[in-house]
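Peer 1: If you read the protein sequences in the order shown, they are chains A and B.
Quick note: the first sequence uses the working numbering, first residue 539, plus one each step.
Quick note: the second sequence uses the working numbering, first residue 27, plus one each step.
Calculated directly from the structure, the hints in this document are not laboratory data.
These numbers come from a predicted model, not from an experiment.
Only true hints are included.
Quick look at which bits of chain A chain B covers, simulated, 3 or more residues with Cβ under 8 Å:
no.	segment
1	579–585
2	608–617
3	637–645
4	684–690
5	703–714
6	720–729
Derived Cβ-Cβ restraints for the label pairs, each shown as a range:
no.	chain 1	residue 1	chain 2	residue 2	range
7	A	D602	B	Q104	19 to 25 Å
8	A	M742	B	H63	20 to 26 Å
9	A	E649	B	P220	50 to 56 Å
10	B	Q261	A	R691	46 to 52 Å
11	B	P54	A	D602	22 to 28 Å
12	A	R711	B	P94	33 to 39 Å
13	A	E649	B	A62	24 to 30 Å
All C-beta atoms in this analysis are idealised placements derived from N, C-alpha and C, irrespective of residue type, glycine included.
Listed below, chain by chain, are the residues.
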Amino acid sequence: MKGATAVKRESGPGAPGAPVDGSTAVADDVLAARVAAGDDAALETLYGRHGAACYGLARRIVVDATLAQDVVQEVFLAFWRRNTFDPQRGSVSTWLLTITHHKAVDAVRREDRRHSRQTTLEALDSSGAAEPEPLEQVRARLRADEVRAAMSRLPAEQREALLLAYYGGYTQREISAMTGVPLGTIKTRTMAALRKLRDSLPDMPEATGSYGPVDEDTRGSS
Amino acid sequence: MSDDRMSQLGHEPWDELAAGYALSALEPEEQARFEAHVATCARCRQHVAEGEQTAAELARLAGPVEPPAELWQRIRAQLPTAPVAVPVESPEKPAPPAPVPLPAQSNRARWWQSPRVLAAAAVLAAVVVGVGAWQGTARLGGGGTTRAQALVSGCRHDPTCRVVDLDQQHVRRAVLLVRARRAQLVPTGLSDLPADRSYVLWQLPSSGAPQGVAVFRAGADQQPVPATLPLPLEQTTAFAISQEPGHTIPAKPSHVVAVGAATD
Chain A
539 MKGATAVKRE
549 SGPGAPGAPV
559 DGSTAVADDV
569 LAARVAAGDD
579 AALETLYGRH
589 GAACYGLARR
599 IVVDATLAQD
609 VVQEVFLAFW
619 RRNTFDPQRG
629 SVSTWLLTIT
639 HHKAVDAVRR
649 EDRRHSRQTT
659 LEALDSSGAA
669 EPEPLEQVRA
679 RLRADEVRAA
689 MSRLPAEQRE
699 ALLLAYYGGY
709 TQREISAMTG
719 VPLGTIKTRT
729 MAALRKLRDS
739 LPDMPEATGS
749 YGPVDEDTRG
759 SS
Chain B
27 MSDDRMSQLG
37 HEPWDELAAG
47 YALSALEPEE
57 QARFEAHVAT
67 CARCRQHVAE
77 GEQTAAELAR
87 LAGPVEPPAE
97 LWQRIRAQLP
107 TAPVAVPVES
117 PEKPAPPAPV
127 PLPAQSNRAR
137 WWQSPRVLAA
147 AAVLAAVVVG
157 VGAWQGTARL
167 GGGGTTRAQA
177 LVSGCRHDPT
187 CRVVDLDQQH
197 VRRAVLLVRA
207 RRAQLVPTGL
217 SDLPADRSYV
227 LWQLPSSGAP
237 QGVAVFRAGA
247 DQQPVPATLP
257 LPLEQTTAFA
267 ISQEPGHTIP
277 AKPSHVVAVG
287 AATD
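Just need the whole structure built from these sequences, with the hints factored in.
Peer 2: The structure is reproduced here in structure tokens:
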């Protein structure tokens with residue numbers, strides 16, 4: 539689909555690899571296979587489905603719009619050049635958001651933009667965000683509400699450790715220095731927070747962990 | 027903390043590193059040490075996968091933001107020039123297949139074992155059997171003959187026969203019909219080759235090196251190519267067609283022009 543000027547939006551971040559509306563749209567993992575075979579139209583479709591979620595995440599972390607665009611560009615080019623997506627590891631959506639997070643954190647550390655990071659639940663209110671398709675908007679909103687509720691149930695210190703790491707882009711050592719809490723405690727809190735969050739979220743898929751070694755192109759070097 | 031010290035403490039320190047890794051919150055030296063460990067630890071791979079899934083849920087708090095319209099154009103401009111895909115149902119002669127660029131060789135995995143290829147093989151099966159629209163349009167293109175069409179149609183209606191579509195950029199290049207170890211390759215969009223080159227059909231096993239199945243040339247008549255598979259279908263991840271110099275099966279494929287998943 540060379541020269542296309544508009545990217546068709548089919549769904550959003552809630553799609554766990556399958557069309558969300560039961561339509562004849564091609565599932566994400568099938569599109570990922572086509573991307574692996576060099577199909578740029580499949581990449582464009584995936585961008586249409588998940589680009590806004592990736593850009594929204596990148597904007598929250600790096601704040602700067604241009605830098606966030608660079609992050610999203612890197613993510614989809616990495617998906618094209620060295621597609622290590624593995625259906626057993628999770629959905630395409632999870633893969634793209636994971637890589638977006640890695641690259642956004644790398645970018646924010648390189649640019650030293652930590653002062654502007656948004657690391658509280660209140661700051662992460664996305665009600666003003668651009669709206670995707672109506673059906674997916676509802677699904678995404680409901681899921682975000684579930685995540686927000688699950689986060690609210692975490693002990694405050696665990697929630698803080700999680701948000702400082704994920705949205706702040708701070709390393710655990712930096713979090714320890716910032717908060718005055720021993721590094722070992724930060725590590726324990728982070729692990730406990732992730733586990734509690736996973737346990738309290740409905741419909742979390744099984745992860746087999748059967749994927750291969752880490753991909754240097756998609757995992758940041760920091 | 028040294029690895030020896032960590033081993034004395036049990037696996038808990040690695041579990042903690044897995045959580046930090048999933049959040050990209052490790053220091054560079056911790057990350058390097060953990061990556062060396064996770065390559066050999068199924069438990070940690072499981073924890074990383076779960077951690078990344080959970081972290082991806084955190085991304086939902088950010089909410090989607092529509093990127094500028096020009097961003098896709100920037101991305102598209104960075105993609106290497108690829109052959110224009112010809113729809114499989116096009117009555118026109120398909121474009122000559124260009125080699126599928128193989129992932130760079132790595133000491134971690136051979137290309138057919140790479141996540142990229144395995145993912146493609148795994149989900150292409152869904153394309154073969156699960157997407158009616160694709161099945162419906164998987165017509166023989168180019169020089170498809172009545173005989174070849176009858177062969178494919180017969181296989182599709184035979185429960186003992188497996189149809190494997192070999193595609194390049196979702197353009198059908200050939201169809202492989204498999205009954206036990208006997209196979210027939212029906213070229214549907216393979217171009218004529220220079221006299222000094224041939225196509226080779228490969229069987230990609232679940233483990234081990236690709237097995238060369240048959241060497242053939244696809245002329246304008248696109249005649250079916252009979253072959254005997256060296257391995258059972260159950261032990262096969264995918265099939266591939268490569269372009270090779272000469273007229274013999276080389277030790278490994280060089281320029282892959284089509285690939286298709288072998289099993290559901």
